[in-house]
Amino acid sequence: MRVSLFIPCFVDQLTPQVGMATAKVLKKLGQELEFIPTQTCCGQPSYNSGQWEIAKEGAIRSLEVFKDAEVVVGPSGSCVAMMKKFYPELLHGTKYESEAKRLSQRTFEFSDFIVSQLKITDVGASLNKKVTYHDGCHALRELRLKEEPRKLLRAVKGLELIETEESESCCGFGGLFSVKFPMISTAMVQVKAGALARTGADYIVSSDPSCLLQIGGWLSREGKVIRPLHIAELLAMGIDHV
Amino acid sequence: MSDSKSIFIKESTLTTADGEQRQFIRTALGGYYKNRDLYKARYRDWELARDAASLAKWSAVNNLAEVLEKFVAKFESNGGKVHWARDAAEAREIILDLVAKANAKAVIKSKCMTTEEIHLNDALEKAGYGVVESDLGEFIQQLRGEAPYHFVFPCMHLKREAISELFTKHLGTAPTDSPEELTMIARRHLRKLYITADVGITGANFLVADTGQISITENEGNARLTAAMPRVHIALSGIEKVINSIDDLSVLLPMLATAGAGQPMTCYNTLYAGPKKPGELDGPEEFHLVLLDNARTQLLADPEQRDALHCIRCGACLNVCPIFKNIGGHAYGTTYQGPIGSVITPHLRGLKDWNHLSGASSLCGACTDACPVRIDLHHHLLQNRRNAAKVVPNLFDRVFHGTFNFVIQRPALFSLGGKLFRKTFGLLKHLPVPYLGTWLKSRDLPAIPQKSFREVWKDSKNV
Numbered sequence: 001m002r003v004s005l006f007i008p009c010f011v012d013q014l015t016p017q018v019g020m021a022t023a024k025v026l027k028k029l030g031q032e033l034e035f036i037p038t039q040t041c042c043g044q045p046s047y048n049s050g051q052w053e054i055a056k057e058g059a060i061r062s063l064e065v066f067k068d069a070e071v072v073v074g075p076s077g078s079c080v081a082m083m084k085k086f087y088p089e090l091l092h093g094t095k096y097e098s099e100a101k102r103l104s105q106r107t108f109e110f111s112d113f114i115v116s117q118l119k120i121t122d123v124g125a126s127l128n129k130k131v132t133y134h135d136g137c138h139a140l141r142e143l144r145l146k147e148e149p150r151k152l153l154r155a156v157k158g159l160e161l162i163e164t165e166e167s168e169s170c171c172g173f174g175g176l177f178s179v180k181f182p183m184i185s186t187a188m189v190q191v192k193a194g195a196l197a198r199t200g201a202d203y204i205v206s207s208d209p210s211c212l213l214q215i216g217g218w219l220s221r222e223g224k225v226i227r228p229l230h231i232a233e234l235l236a237m238g239i240d241h242v
Numbered sequence: 001m002s003d004s005k006s007i008f009i010k011e012s013t014l015t016t017a018d019g020e021q022r023q024f025i026r027t028a029l030g031g032y033y034k035n036r037d038l039y040k041a042r043y044r045d046w047e048l049a050r051d052a053a054s055l056a057k058w059s060a061v062n063n064l065a066e067v068l069e070k071f072v073a074k075f076e077s078n079g080g081k082v083h084w085a086r087d088a089a090e091a092r093e094i095i096l097d098l099v100a101k102a103n104a105k106a107v108i109k110s111k112c113m114t115t116e117e118i119h120l121n122d123a124l125e126k127a128g129y130g131v132v133e134s135d136l137g138e139f140i141q142q143l144r145g146e147a148p149y150h151f152v153f154p155c156m157h158l159k160r161e162a163i164s165e166l167f168t169k170h171l172g173t174a175p176t177d178s179p180e181e182l183t184m185i186a187r188r189h190l191r192k193l194y195i196t197a198d199v200g201i202t203g204a205n206f207l208v209a210d211t212g213q214i215s216i217t218e219n220e221g222n223a224r225l226t227a228a229m230p231r232v233h234i235a236l237s238g239i240e241k242v243i244n245s246i247d248d249l250s251v252l253l254p255m256l257a258t259a260g261a262g263q264p265m266t267c268y269n270t271l272y273a274g275p276k277k278p279g280e281l282d283g284p285e286e287f288h289l290v291l292l293d294n295a296r297t298q299l300l301a302d303p304e305q306r307d308a309l310h311c312i313r314c315g316a317c318l319n320v321c322p323i324f325k326n327i328g329g330h331a332y333g334t335t336y337q338g339p340i341g342s343v344i345t346p347h348l349r350g351l352k353d354w355n356h357l358s359g360a361s362s363l364c365g366a367c368t369d370a371c372p373v374r375i376d377l378h379h380h381l382l383q384n385r386r387n388a389a390k391v392v393p394n395l396f397d398r399v400f401h402g403t404f405n406f407v408i409q410r411p412a413l414f415s416l417g418g419k420l421f422r423k424t425f426g427l428l429k430h431l432p433v434p435y436l437g438t439w440l441k442s443r444d445l446p447a448i449p450q451k452s453f454r455e456v457w458k459d460s461k462n463v
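Protein chains in written order, with the working numbering: chain A, 1 to 242; chain B, 1 to 463.
Quick caveat, the hints were computed from the structure, so don't treat them as lab data. There may be inaccurate statements among the hints.
[Stated by the list, open to error] Here are the simulated DSS-like cross-link-like pairs (lysine-lysine), alpha carbons at most 27 Å apart as the crow flies: (1) B:458 <-> A:27; (2) B:429 <-> A:224; (3) A:180 <-> B:429; (4) B:277 <-> B:70; (5) B:451 <-> A:28; (6) A:224 <-> B:325; (7) A:180 <-> B:10; (8) B:451 <-> A:27.
Isolated chain A, as found in the complex (with noise of 0.2 Å):
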């Protein structure tokens, strides 16, 4: 299968090497990449803010740029989301809901099409580390993805994962929420990160960059050990040191 690489924009710009580690991952795996140089953002920003009409046109944008790719694959349940089920309702009445409808069968979250699409669960990786796991909450409430993850994450030899009541308590990122209201937002992350700092694990691992960006700043920014991770850059860096 050729995959198509849809790198989310503050990926792209502020954290290259989750993309990378996406690529190498699906590479391992047999998986034919390309990335097509004209994507940029998928538009969520407006969107959230509810400037939905700036956001068609880049939901209509994101159509153009992806309509002769076979599948498309991202490393963000949050931007997948968008794709997957916001556009085809931003775009429905339009002359675009077909080819909205099109992308959205065609586009999958990282540890969704390695796991559904593929039928992969072990990739070949090994790692003597402890993690604990942070499901997104577009990955696990708007995808609807709990167990591809972690089927991943079980599968990975020497791992050892620690779950929490926490795990699926939001981040406090919801985009630009995450300015507009700073107070809650940075609240929110001091009960989630916190709380799975306190695992004891090595990496706090997520199928989402832009949560991993705010546990991430929080972690950094409170001098704490535990260090964020992308599913696709722990499960590169198992792949190496097999």
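Start from chain A and add chain B according to the hints.
This is chain B only, laid out in the frame that chain A set:
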């Protein structure tokens, strides 16, 4: 900025800074989660039960005029009297009039958020009537002169010591840290009031159309006393509380209890069907029901968010909401706190002044998953944001997102902008850049990379 928004910002800034209080709320809810999950597990299929509960409400709400007429006919044939109130002012007027006609001196109330919605206590007090809340939590809040913190758990923010102090101050009782003793103090104080009150005011959890009864669910027995002891019983209810059949209660009552309070069933579930009949010993002589619209029909006219009228006011969405848990109930400044409050308050009290509540959400969706009647809560918050952008144009947002869109429509410009940001970040982080500066007040950004993904990808032949 609207007054309500600036109050919200001010209040939530204070409450989020109070780590001890936030921890207290989390601990209080910890017991609820445990019990909720225990009793949810008793359902053969909780998700199917949600479907059934949602359908019960859907079929009534989507046929509201007809079901209401059926209910009213039946209710009046049972001997009750229905009064229609278009808005809060009308409802207050009707109730004050009924209280006056009853020559009442004292009024006792059981828990009813709809009376909070119409600010009934203020109106009664201004008119010279003594009014006492008989639900323990509401009684405490009334003594404090404070609105309910949570529409199901009105005083969940208070520690025992605070309640003991309050009772000592107002009722002259000895300090105690025993919850049982605190309850008994309130009970002893309230018991005599049921007997002396001329009017009892209650709410209604459900209006049962096929039997013409109102259903009230409670844990303390105070609503039964409020409805049964005084000469006149006045119930106030939103029109959306109507359901088709008594059979619907078989799913709605247990789900209300489990989702809302982590109980298998609420302790007392009573159906009230009219005043005392000739020859009967107990019950009120008059039974009035005030049916309140107060913009509910406006919400009904919105097919996108009509399901918000399914709400059975269980409070499950508040209990799981990370916003609620961190800012607390009073910061909202609304009758209905939490996600459901953020969804409906803009409809009930105006989008212009209350849209900020829809913005103050990370859209995590925990509320939507918790809702026993499947209200699509967090997506409604998004729709409110969209509606607000049309109704209350925000120039900053338009310029910001317009510019952002201009950039993302042009990949070369996007790359250049990204590069500029990365190269100048060392300087930018010291400048008051909108949003960036706010972020950096409490959080770092990761080490800024030299190259973007697209640059690395272009350079690398092998990944």
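Right, here's what the structure says about each hint:
Proximity of residue 458 of chain B to residue 27 of chain A is assessed by CA-CA distance (about 16 Å); at most 27 Å being required, the pair is judged to hold. Under the criterion of a C-alpha separation no larger than 27 Å, the hint pairing residue 429 of chain B with residue 224 of chain A is consistent with the structure, at around 22 Å. At roughly 18 Å between alpha-carbon atoms, residue 180 of chain A and residue 429 of chain B fall within 27 Å of each other, so this suggested pair holds. Distance restraint check for residue 277 of chain B and residue 70 of chain B: the Cα-Cα separation of roughly 22 Å lies within the 27 Å cut-off, and the hinted pair is therefore satisfied.
Restraint check for residue 451 of chain B and residue 28 of chain A: satisfied, since their Cα atoms lie roughly 24 Å apart, inside the 27 Å limit. Between residue 224 of chain A and residue 325 of chain B, the direct Cα distance comes to roughly 24 Å. Compliance with the 27 Å bound is thereby established for this hinted pair. Between residue 180 of chain A and residue 10 of chain B the alpha-carbon distance is near 13 Å, which keeps this suggested pair within the 27 Å criterion. With a C-alpha separation of about 22 Å, the suggested pair residue 451 of chain B and residue 27 of chain A falls inside the 27 Å cut-off, and the hint holds.
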